[in-house]
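Novice: Take a look at the letters that make up each chain.
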Amino acid sequence: MKAAMRRLALVLATLLAVTAGLSPLAAVAVDDPSEMLPDPHQEARAQAIGSQLRCLVCQNESIEDSSAGLARDLRHVVREHVAKGESDRQIMDWMVGRYGNFIRLKPPLTVGTVLLWLMPVLALLVGGLVALLSFRRARGAGPAPLSDDERARLTDLT
Amino acid sequence: MTGDTSPPDLTRRRLLMAAPLVVAGGAGIAFWRMLSGMRQGSFDPHDIQAPALNRPVPDFALPDQLPGQGFGAADLRALKVPVLVNFFASWCIPCVAEMPQLNALKAKLPIWGIAYKDKPADALGFVRRAGNPYARIASDLAGMTAIDWGVSGVPESFLIGPGGVIRWHSAAALDAATAHDILLPLAASLRA
Numbered sequence: 273m274k275a276a277m278r279r280l281a282l283v284l285a286t287l288l289a290v291t292a293g294l295s296p297l298a299a300v301a302v303d304d305p306s307e308m309l310p311d312p313h314q315e316a317r318a319q320a321i322g323s324q325l326r327c328l329v330c331q332n333e334s335i336e337d338s339s340a341g342l343a344r345d346l347r348h349v350v351r352e353h354v355a356k357g358e359s360d361r362q363i364m365d366w367m368v369g370r371y372g373n374f375i376r377l378k379p380p381l382t383v384g385t386v387l388l389w390l391m392p393v394l395a396l397l398v399g400g401l402v403a404l405l406s407f408r409r410a411r412g413a414g415p416a417p418l419s420d421d422e423r424a425r426l427t428d429l430t
Numbered sequence: 003m004t005g006d007t008s009p010p011d012l013t014r015r016r017l018l019m020a021a022p023l024v025v026a027g028g029a030g031i032a033f034w035r036m037l038s039g040m041r042q043g044s045f046d047p048h049d050i051q052a053p054a055l056n057r058p059v060p061d062f063a064l065p066d067q068l069p070g071q072g073f074g075a076a077d078l079r080a081l082k083v084p085v086l087v088n089f090f091a092s093w094c095i096p097c098v099a100e101m102p103q104l105n106a107l108k109a110k111l112p113i114w115g116i117a118y119k120d121k122p123a124d125a126l127g128f129v130r131r132a133g134n135p136y137a138r139i140a141s142d143l144a145g146m147t148a149i150d151w152g153v154s155g156v157p158e159s160f161l162i163g164p165g166g167v168i169r170w171h172s173a174a175a176l177d178a179a180t181a182h183d184i185l186l187p188l189a190a191s192l193r194a
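Read top to bottom, the protein sequences are chains A and X. Heads up: the first sequence is residues 273 to 430, going by my numbering. Heads up: the second sequence is residues 3 to 194, going by my numbering.
What the hints contain is simulated information worked out from the structure, not anything from laboratory work. Some hints could be false.
Have a look at the derived ranges for each label pair, beta carbon to beta carbon [what the hints assert, rightly or not]: (1) VAL329(A) <-> PRO164(X): 29 to 35 Å; (2) GLY372(A) <-> ALA63(X): 38 to 44 Å; (3) SER306(A) <-> SER38(X): 45 to 51 Å; (4) PRO22(X) <-> LEU377(A): 32 to 38 Å; (5) GLU307(A) <-> ARG57(X): 27 to 33 Å; (6) GLY165(X) <-> GLY357(A): 54 to 60 Å; (7) ALA190(X) <-> LEU401(A): 53 to 59 Å.
With the C-beta cut set under 10 Å, the calculated list includes, among others, these residues of chain A facing chain X [said to hold, decoys possible]: (8) MET308; (9) LEU309; (10) PRO312; (11) LEU328; (12) VAL329; (13) GLU333; (14) GLY369; (15) ASN373; (16) ARG376; (17) LEU377; (18) PRO379; (19) PRO380; (20) LEU381; (21) TRP389.
For every residue, glycine included, the Cβ atom is placed at its ideal position computed from N, Cα and C.
So here's chain A without its partners, still in its complex pose (with noise of 0.2 Å):
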């Protein structure tokens, strides 16, 4: 009966993280609240930076969404600028300066990723080019005018 019960609240628990991580107003990702920033606008822009920078413990996570304990070092020095008064450039800055753009989980564009970023349109043109010859010899190259004999046999046959 205990066990049931307490089954039960696990898969409680459950639902209700997995809707509290659905709803944007819930996100809170550090460990502990007593990592977060008294004033809840400072906290949200802390976040708002954190969930652009990429943890290179997970390499695919945000630092906000990792545990590790180096994110969980970044996810303080953000908190620590934001708290200073620093602009979110002047804390991506800090970071680019110490870990290369590779921390940024938005990369920026740069001779080496302007086929990344234009690749979209590059491709949209490219469609669209086709598309349009196409339908253009569509139109153009009909089937040609029938000849003499050709009309002749058709008078016949109708």
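Since chain A is already given, all that's left is putting chain X on it; use the hints.
Specialist: Only chain X this time, still in chain A's reference frame:
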């Protein structure tokens, strides 16, 4: 139908048919090169391109870690010979695996250690058990100096050239081949 197709039209059609093959072939070659690079170790998709490279070491001052004498940024910048700075921790398994390599290296290249997020007593025990490859050791208990260096995990090694400039970086445990083929020749060239 095809009988009245003029030669330029035919070549154009052949070119168009060849285009996807060329693109697929190019992608295949690029992919194959990437894979062989990963196998040979010349390409690592997880590698973090250290911005610290060819810059002077960042400012830091750390407490001593027994059994050695500690060091700070000023000590590294005053260097006239190359030194290997190695971030380690007693809780890090690859660090244990790396120790024989560091012990083999220490006669040819001085190694200074920084204990990363490690209790001083634990770090001391670890260094004693490993046979202490470090000429000097500092303790970065909070891990904040490591962040300034761009360390993403232990072990991580930096070759510091004269004047305290970071000349080489590895985010993996040192192996004999890397030490022999890359690290020692580079250190020798910095000494000259």
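Novice: Hint by hint, which ones does this structure get wrong, listed from lowest number up?
Specialist: Of the numbered hints, 2, 6, 8, 9, 10, 13, 16, 17, 18, 19, 20, 21 do not hold.
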